[in-house]
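Asker: Residues per chain are reported as follows:
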Amino acid sequence: MRKLYRFLVRVGALASKETIHIRRDVRTLYMALGLPVVLLLLFGFGVSFDIDSIPLAVVDHDRTRASLELRRTFVASDDFRLVALLDDAEDAEPLFQRGRVMALLVIPPGYERAVAHGETVTVQLVLDGTDANTANMARGKAEGMALGVNLEIVRAATSGVVAGAPLGASIWTRFNPEGRSALFLVPGLIAYILAIVAVLLTSLTVAREWERGSMEQLFATPVGRLEIILGKLLPYLCIGLVAVLMVLTVGAWVFDVPVRGDLTVLAIGSFLFLIGMLGLGLLISVLTRNQLVATQAAFLSSMLPTLLLSNFIFPVENMPTILQWLSRIIPARYYIEVLRGVLLRGNGYAELWPDLLVLLGFSALMITVSAARFTRRLA
Amino acid sequence: MSGEHPIVVTSLTKRFGAFTAVDSVDFHVEKGEIFGYLGANGAGKSTTIRMLCGLLAPSGGDAVVNGHRISRDPEGVKSSIGYMSQRFSLYLDLPVEFNLDFFGGAYGLRGAAFRSRKQEILELTGLVDRRHSTTGTLPGGLRQRLALGAALLHRPRIVFLDEPTAGVDPASRRDFWRLIRDLSEGGTTVFVTTHYMDEAEFCHRVGLMVAGRLVALDTPAGLKAQFVPGHMLSVTGRDLAGTTTAVRGLPGVLAAEVFGAGLRLRLAEGEADPGAVRAALEAAGARELRFEPVPATLEDVFLAVVAGHERHQKDAE
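Line by line, the protein sequences give chains P and F.
Residue numbering for the first sequence follows the working numbering, beginning at 1 and increasing consecutively.
Residue numbering for the second sequence follows the working numbering, beginning at 380 and increasing consecutively.
Be aware that one or more of the hints could be misleading.
Claimed, not checked - Computed list of lysine to aspartate or glutamate pairs in DMTMM-like fashion (alpha-carbon distance at most 20 Å, straight line):
1) F:Lys410 with F:Glu564
2) F:Lys603 with F:Glu636
3) P:Lys3 with F:Glu650
4) P:Lys141 with P:Asp131
5) P:Lys3 with F:Asp452
6) F:Lys603 with F:Glu650
Unchecked claim - Residues of chain P placed beyond 12 Å of chain F at every Cβ, according to the derived structure:
7) Arg10
8) Arg24
9) Gly46
10) Pro55
11) His117
12) Gly118
13) Gly129
14) Pro354
It is worth saying that the hints were derived from the structure and are not from the lab.
We treat Cβ as the ideally placed atom computed from N, Cα and C, and that holds for glycine.
The following block holds chain P by itself, in its conformation from the complex (with noise of 0.2 Å):
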C-alpha cells in the first residue's frame, strides 16, 4: 500500500508539472486544440471529391428537338457546365490540351430519327482522364443521366403506362446516399489530426528534459521510468480527448457528419489510439533525446503511414499486397474503422471489437516499449 501511494504520489507530481508547463507554454495547447480544428475546417472544406461543374463541350451534328433536350439535361444538372457549342469534335482538341473542357459530349447526325424508330443510337462522351477521381465521377453521372434520358424515352414511347423498367440498372448508395466526400473525409481526418498531434505532442518532452539537463536531475530522484512515463502522457492524454470532442463537434455541426452507432465505442477506441501514439511520441523521445530530431521522426512516424496507409484517402485493398500486409500494422487504420464504423455505419461492439482489440494491444506495446527503453542511467 504505501508503495502504491508513493507511486501514485510520484505519477501525481510528474503529471502536475508537466499540465503547469502546459499552462506556461500556451503555444502546446494552441497546437493540442486548435491546429486539430483548423486542420479540420482546411481539409474539410480544401481537400473535396465533389465535382460540380465539370467543363463541358457539345458537338451536335443532329440539331434537333430531341439533342436540345439531351443537351439541356447534361447542363440541367450542375455536375456539367456548357462552355463551348462546337462544330466538329476536332475543335475540342485544342481546349482540351488547355485544359478548358474536360468533357465532351458527340451527339450523331440522325439522333431523333433513330431515337423516335426506338433504334439504338450511341451518343459519344470524352473525358479528359488527367484527374481520374474527377472523370470517374463524371463518368459516373452522365451513364446515370443517359439512363435517365432512356427511361423517359421508353415511357413516352409506351404512351405513359409504365410497364415496368424494360432495362437498366439500379444503384443504391448506402450511409452516404449523396456521395458527399465530408463524410468520408472527416473520420480519417481525425485520426490523421489526432495522430500527428499526439505523437509531436510528447515527442517533445522527454527530449526537452534531456537537453535542459533537468532529467539528470530527475534521475537521482527515485523516480521510476513507468512514473515518468504516466506523468508525461496523462496531461496530454486529457489533452488529447478534448481535443476528439472538439474534432467531432466541428465534424457534426460544420460537416453534418452524423453519429449513428454506439459513442462508448467512440471513445474508448479515441481513449486507445490517444494512449498509442502518445506512446509512440514518447518512445520517438525516448530513443532520440533531441528535440529536433524527435520532431522530425514524429512527422515520419505519424503523418506518413496515417496519409497513405491507413484507408484515410487511398483504399488499401488497391494497393499491392506488400503494402497491404505493411497497412495492417498502421493503428490510424483501426481507429478510422472504427469512427467510420460508429459514425457512418452505425455499428457497436459487435461490429468493432476486434480494431478495438487492436488499439488496445498497440497502446499496451507502446507504454511497454518506451518503459523498457527508458535507461534511467546516464550515457
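Start from chain P and add chain F according to the hints.
Answerer: Just chain F, lined up with the frame of chain P:
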C-alpha cells in the same frame, strides 16, 4: 567500516570505451565532513560523483553510500542522498515554489509535513520572498541556492554537489558556502566538487584528481605541508619578466613561477639565501625589488601536484 563512514569507495573505476575516466579510486568520507573533490575539467570529478549517486554504473570496484552498494542498489542510494548536478537543472519556466513541490513529490513527500519542510527550505535558502517568482528570473546565486534546497527536501544524510558555484558571483559564492558549512555543522555529510581553489580551503579534507586518478588526499593544511613545503615569497618590482630562470638553479629555491606582474618563489626553510636571490634577480635586470612572505594556497598545491604528475608521466614514457 561502512557502518561508520557514510561513503566508502574501493577501487572505483569507470571506463568509456578505451578511455578510463576514473581509475581505481579509493577513499572514505567521514560523517558531517565537507569533502572537496578538486581537479581540472575532465579529471573525472563528475563521473565519480555520478557513480556515487547511482546515476552511472561503475565498470569496476564499488562504493557504499549510506549503507547501499552503488553497483547493486542504485535506487537505495538515490532515495537516501541529495544531488545537485553541474548544470542548473530545475525548471526555469516554473515558479520557485513549484520546483520545490515537484521535487518533493518526486521523493514521495506531501501533506502538512512536506509543507512545513518546504517553508524551512525557503527560509534556509533565503527565498521566502521570491517563492512565487518564475525560476528563470532569479539571479545565478539564488538559482543555485534553490537547487540546493530542492536537493535537501527529503533530509538526506549526504548531499553531492557537482560544481555548485560555477558561474556565480563571489559574494553569492560566499553565501553558498556559508550554507554548506551550516549543513555540515548540522551533521549532513557534504561531497562537493569544485575547480575554485579558494573554495577548497573551506573543505575539511580535499581529494585531488588528475587524469582519473586520486593523486592526493588530506586536509588543506596537510596538502600544503606535503606538496609545497618551505615558505612562499612574493617578489614585486620592475623588469621582472624573464627572470625566473636566473633564480631557479640557486640553492634552496624550490620553485619560481611568474605570478601576475611579479614572481612567486618557494624557498626551503633555512637553506635559501635571500641576499643571493636578490643579487641574481638584479643581475638579470630587475629593479626596485620588494620581497614579501605569503601563505601557500591550494592553487600552489594543485600546480605542484600537476607538475609532479606530468614529470612522473614523462619518466614513465
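Asker: Need the list of violated hint numbers for this structure, in ascending order.
Answerer: 3, 7, 8
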